Amino acid sequence: MLLEEFDMDEYIKMERRDSYADGHEDGLAMGLAEGLAEGKRLEQLHIIHNMFQENIPAQSCAKLLNKDTAFIDKVYSLCQAHPDWSDEDLYNSLKEN
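Residue numbers for the sequence shown, in the UniProt record's numbering: 1 to 97.
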């Protein structure tokens, strides 16, 4: 009796819906994780940019943020070269390199 009621087309549609839902949920979770990570990087860059504007030495900034001095030096030199840049401009420039 069960074999007579089985509809292959309906089964395929159901599998597609389930696969789509699973993929959609995975995509949302990945996008959320990437967005949060990018937000944290942008926030940290904002803090470094503010420290530069407050004339806090790069070494002190690195120590306070527990970051690599080379990275802070790179951000500080970008800030010196482009004083009119926003945090997002700095972020995009660092992302390209």
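Hints listed in this document are in silico derivations from the structure and should not be mistaken for laboratory results. Model, not experiment: these values are computed from the prediction. Wrong hints could be hidden among the right ones.
[What the hints assert, rightly or not] Think about it this way: if two alpha-carbon atoms lie no more than 30 Å apart in a straight line, the pair counts; the simulated DSSO-like pairs of lysine-lysine are: (1) 95 <-> 74; (2) 63 <-> 13; (3) 40 <-> 95; (4) 40 <-> 63; (5) 67 <-> 40; (6) 40 <-> 13; (7) 74 <-> 63; (8) 95 <-> 67.
[Stated by the list, open to error] Just the calculated beta-carbon pair ranges, DEER-fashion: (9) 77 <-> 14: 53 to 63 Å; (10) 15 <-> 40: 49 to 59 Å; (11) 13 <-> 94: 45 to 55 Å; (12) 77 <-> 26: 32 to 42 Å; (13) 27 <-> 81: 37 to 47 Å; (14) 15 <-> 65: 48 to 58 Å; (15) 23 <-> 53: 37 to 47 Å; (16) 6 <-> 94: 55 to 65 Å; (17) 12 <-> 96: 24 to 34 Å; (18) 82 <-> 43: 50 to 60 Å; (19) 19 <-> 43: 33 to 43 Å; (20) 92 <-> 25: 29 to 39 Å; (21) 94 <-> 9: 45 to 55 Å.
Beta carbons: idealized from backbone N, C-alpha and C, even for Gly.
Evaluation of the provided hints:
no.: 1; hint: 95 <-> 74; verdict: holds (12 Å)
no.: 2; hint: 63 <-> 13; verdict: violated (57 Å)
no.: 3; hint: 40 <-> 95; verdict: holds (14 Å)
no.: 4; hint: 40 <-> 63; verdict: holds (18 Å)
no.: 5; hint: 67 <-> 40; verdict: holds (14 Å)
no.: 6; hint: 40 <-> 13; verdict: violated (40 Å)
no.: 7; hint: 74 <-> 63; verdict: holds (15 Å)
no.: 8; hint: 95 <-> 67; verdict: holds (17 Å)
no.: 9; hint: 77 <-> 14: 53 to 63 Å; verdict: holds (58 Å)
no.: 10; hint: 15 <-> 40: 49 to 59 Å; verdict: violated (38 Å)
no.: 11; hint: 13 <-> 94: 45 to 55 Å; verdict: holds (47 Å)
no.: 12; hint: 77 <-> 26: 32 to 42 Å; verdict: holds (40 Å)
no.: 13; hint: 27 <-> 81: 37 to 47 Å; verdict: holds (38 Å)
no.: 14; hint: 15 <-> 65: 48 to 58 Å; verdict: holds (49 Å)
no.: 15; hint: 23 <-> 53: 37 to 47 Å; verdict: holds (44 Å)
no.: 16; hint: 6 <-> 94: 55 to 65 Å; verdict: holds (57 Å)
no.: 17; hint: 12 <-> 96: 24 to 34 Å; verdict: violated (44 Å)
no.: 18; hint: 82 <-> 43: 50 to 60 Å; verdict: violated (20 Å)
no.: 19; hint: 19 <-> 43: 33 to 43 Å; verdict: holds (36 Å)
no.: 20; hint: 92 <-> 25: 29 to 39 Å; verdict: holds (30 Å)
no.: 21; hint: 94 <-> 9: 45 to 55 Å; verdict: holds (52 Å)
In this structure, the earlier hints numbered 2, 6, 10, 17, 18 are contradicted, and the remaining ones agree with it.
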